[in-house]
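Q: Here is how the chains run, residue by residue.
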Amino acid sequence: MPIRKDKFIIMNKHDNCATALKKISKDTKIIIEGQVFKINRDIPFGHKFALSNIKRGELIKKYGEIIGFATEDINTGDWIHTHNIKSHYLEVSKQ
Amino acid sequence: MSEEFLGFERPRGKVGIRNKIMVLSSVVCVNKVAQEISKKVKNSIAITHPLGCGQFGIDFANIQRTLSGLATNPNIYGILIVGLGCENMKSDVLARIIKRSKKPVEFFDVQDVRGGTIAAIEKGTQIGQRMASDASELNRETFDFTHLILGLECGASNSISGITANPAVGKVSDKIVKLGGTSILPEFTEWIGTEHLLMKRAVNVKVAQKINNLINKFLENTMKLGVDFRGIQPTPGNIEGGLSTIEEKSLGTISKAGTAPIQGIVDYSKPPKGKGLWLMIEPSIDVESMTGLAAAGAQVIIMTTGQGSPTGNAVAPVIKICGDPKTCDWMKCNIDVDASKIITNNISIDNVAENLWKKLKDTCNGQLTTAEVLGFEDIAIWRHMAFPFSLV
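Read top to bottom, the protein sequences are chains X and G.
347 is the number that the working numbering gives to position 92 of the first sequence; each next residue is one higher, with no gaps.
100 is the number that the working numbering gives to position 99 of the second sequence; each next residue is one higher, with no gaps.
There could be a bad hint or two in this list.
Claimed, not checked - To give an idea of the chain G side of the interface with chain X (calculated C-beta under 7 Å), a few residues:
#, residue
1, S160
2, I164
3, G194
4, R231
5, G242
6, G243
7, S245
8, T246
9, I247
10, E248
11, E249
12, L252
13, I344
14, I350
These are calculated hints, taken from the structure and not from any lab test.
By construction, the Cβ of each residue, glycine as well, lies at the ideal position given by its N, Cα and C atoms.
Required output: the full structure, derived from the provided sequences and hints.
A: Here it is as structure tokens:
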């Protein structure tokens, strides 16, 4: 069951990333179930940001499923995209 | 409240949601004749194509199966096949296959008509007139959704589709399955990266292995041709839109198929062997995909679109659902269900799924889709020869 907030959507409660439904500016305060954090840089519409600290090598989940792993340490509120996530399917499952 | 729709009863327990006459060209050389007949007969559609002669082997079998499948679709009342005479897609053989549906079928070859194409158009129009008149005697009756086959399609997708329209379609697909109906997911190149999840949903090990084999065979064989399909996904446009990995893109795509168990995989344009959710072998080419769905017996198709596709199908009405606010505004005339309110108005995916379900029922009951009203009657056949190897 997706969690819909004003500026973003979390596709599944087990996800550690959310998808922006409008541009979210740097320093925007995010509140999710009591957890409060700031967005660390502008997140474009349709792009993802981290809901928790994700260590290098740890899995990133959307739709409750693995969409890849972190290639560097990712902090809560960081933009997640091709610079810090790689396909788990290509790099691990299919090797 | 029980869920029902108003359809047309066909022989052998089938139910159509449209009541059309098909004028089917067996070979490219007589496309014009089929088109002219169709122009003169109300509620008829011409099915034309660039094929019918010179194809062979699995390519020929695939084309023949698709043409006869389109004719057999329950949305069609009766079929007139127009052949030339010297082609290898014989009109009488097509007629014999289609007659298994017990529907009215007539055929002739232009070379057998004294007077050439002018006389052939007249002869065809007379047959078509009779058929259309007979068809118009039928009334819609109430049926449950066990009779319905739904096709799941997406085209001109962007990163918004996977978080708006696609999950809403998934809920409708699950509902059809729950009501005892059938749903088909084509476009296997967009399952790549999620096959482990599809395999987990397979009803048995054999089906799971088929899913795995299909993807592996496809990847192996395309690599032999020098193409790594995995390396080109997501596309530069997808990445710009926010999709980071191949599995993220595919997860959005397969969310159209909801959460139902997967009963099996059927080859392109082959009907599912039972109810529930089925996969179809087809490599994600919209018009060819929807032609395959209609040939497999889907009476209706839901297509999600992000950047906006106007396409429709000559046999199965196509309901367009879009999650992109700009596309819903700029291409309003081509969109049936607006899922962009998930983004702009904080509306839930469930709410959009309810609207889509209502639109699906209205469409089954006879309401025309935007593509139908605007005359998009696209047909194209996916050819195995495009990939010179078997995928089964």
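Q: If a hint holds in the structure, say so; if it does not, say that too.
A: Here is how each hint holds up against the structure:
no.	hint	result
1	S160	holds (4 Å)
2	I164	holds (5 Å)
3	G194	holds (4 Å)
4	R231	holds (6 Å)
5	G242	holds (5 Å)
6	G243	holds (4 Å)
7	S245	holds (5 Å)
8	T246	holds (4 Å)
9	I247	holds (5 Å)
10	E248	holds (5 Å)
11	E249	holds (4 Å)
12	L252	holds (5 Å)
13	I344	holds (5 Å)
14	I350	holds (6 Å)
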